[in-house]
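Enquirer: Whatever position you read off the sequence shown (first residue = 1), add 1263 for my numbering.
Hints were generated in silico from the structure; no laboratory data involved. For clarity, every value in this text was computed on a predicted model and none was experimentally measured. Please note that the accuracy of each hint is not assured.
Stated by the list, open to error - Derived lysine to any residue pairs resembling SDA-like cross-links, with alpha carbons at most 25 angstroms apart:
{"#": "1", "residue 1": "Lys1311", "residue 2": "Pro1394"}
{"#": "2", "residue 1": "Lys1290", "residue 2": "Thr1347"}
{"#": "3", "residue 1": "Lys1311", "residue 2": "Lys1290"}
{"#": "4", "residue 1": "Lys1396", "residue 2": "Glu1382"}
{"#": "5", "residue 1": "Lys1407", "residue 2": "Arg1421"}
{"#": "6", "residue 1": "Lys1427", "residue 2": "Ala1415"}
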Amino acid sequence: MDEAEQRLAAYIGEKWTPPAAESDPAKVLVADVLALYGHERGPKLKSKAASNLGFTNNLLAWWGARTLSDVRRTTCAAYVKHRTSQPIRHGATRRMVTPQTARRELELLSAAIGYWDGEHHLTRRPAVILPEKPESNRDALSRKQAAALVWASMGWDRVEGEWKRPSTNARTNRMHLRRFLLIGLYTGSRSDVIKRLCWSESLHDPWVDLEA
C-alpha cells in the first residue's frame, strides 16, 4: 500500500465522521459518499478490500471535491478519458489504464451513491454512465467439442480418427470425471463451485435442487 492509499485508509477508518444527513445532491460531496461506503460496507467486502481501496483512491483524486450534482454523462466520460491517459502504476511495462478498469471504478462509485441514497433518500439520484463493456474473447465449446470431452472422460480413445471402445473397468473408474464434465457443461459452473456442490439443500455451499 503506497502513501496515498495509507492516507485514504486513515481518513476513512479514523478521521472521517459521517456528515449531517443530506438529500440534496448539490450539497453532498462525492468524497463523503465514498467514505461512508468504505467505512460501513468496506469491512463486509474483505475479499475485494485491496482493489476497492485502489479504486476509491483513484475516484477521490478526480471526484473528491465534486458534489453528486456533478455526476452526469459528460463528467463520467471525462473521468474515463482521464484514467485511460494514465499509466498503470504497478508493473514494469508502460501500459495505460484500460477503459474496463475505469468502468470498474465507476461501478464502485455507483454502488456508493446507491448506498448513500438508501440511507438519506436523495431528491435525485445521479446516474453513473459506464463505458461499454468490451466484447468477450472467450469461445464457447461447440457441440462436437463437448461430445469429444465426454467420450474421452468415459475412457474412449481416438485412434486414427475413430473412437476406440474402452473396457468396462475403464468406464467405471472414470464415472466421477464424466459427472464433473456434464455438470460443468449443463450448468456453466466453475470448477471450484462444482467441487463444493451438494446434493441436498445447503445454506453455505452450492446445491442442486433435484426435485425442480
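Enquirer: All hints, please: hold or fail.
Expert: Tested hints:
A threshold of 25 angstroms between alpha carbons decides the hint, and for Lys1311 with Pro1394 the separation of about 22 angstroms falls inside it, so the pair holds. Annotation: proposed proximity of Lys1290 to Thr1347 is violated, straight-line Cα distance about 29 angstroms (limit 25 angstroms). Restraint check for Lys1311 and Lys1290: not satisfied, since their Cα atoms lie roughly 29 angstroms apart, outside the 25 angstroms limit. For a cut-off of 25 angstroms, the pair hint linking Lys1396 to Glu1382 is broken: about 30 angstroms separates their Cα positions.
Pair hint Lys1407 plus Arg1421 holds up; C-alpha atoms about 14 angstroms apart against a cutoff of 25 angstroms. As the CA atoms of Lys1427 and Ala1415 are separated by approximately 10 angstroms, the hinted pair is consistent with the 25 angstroms bound.
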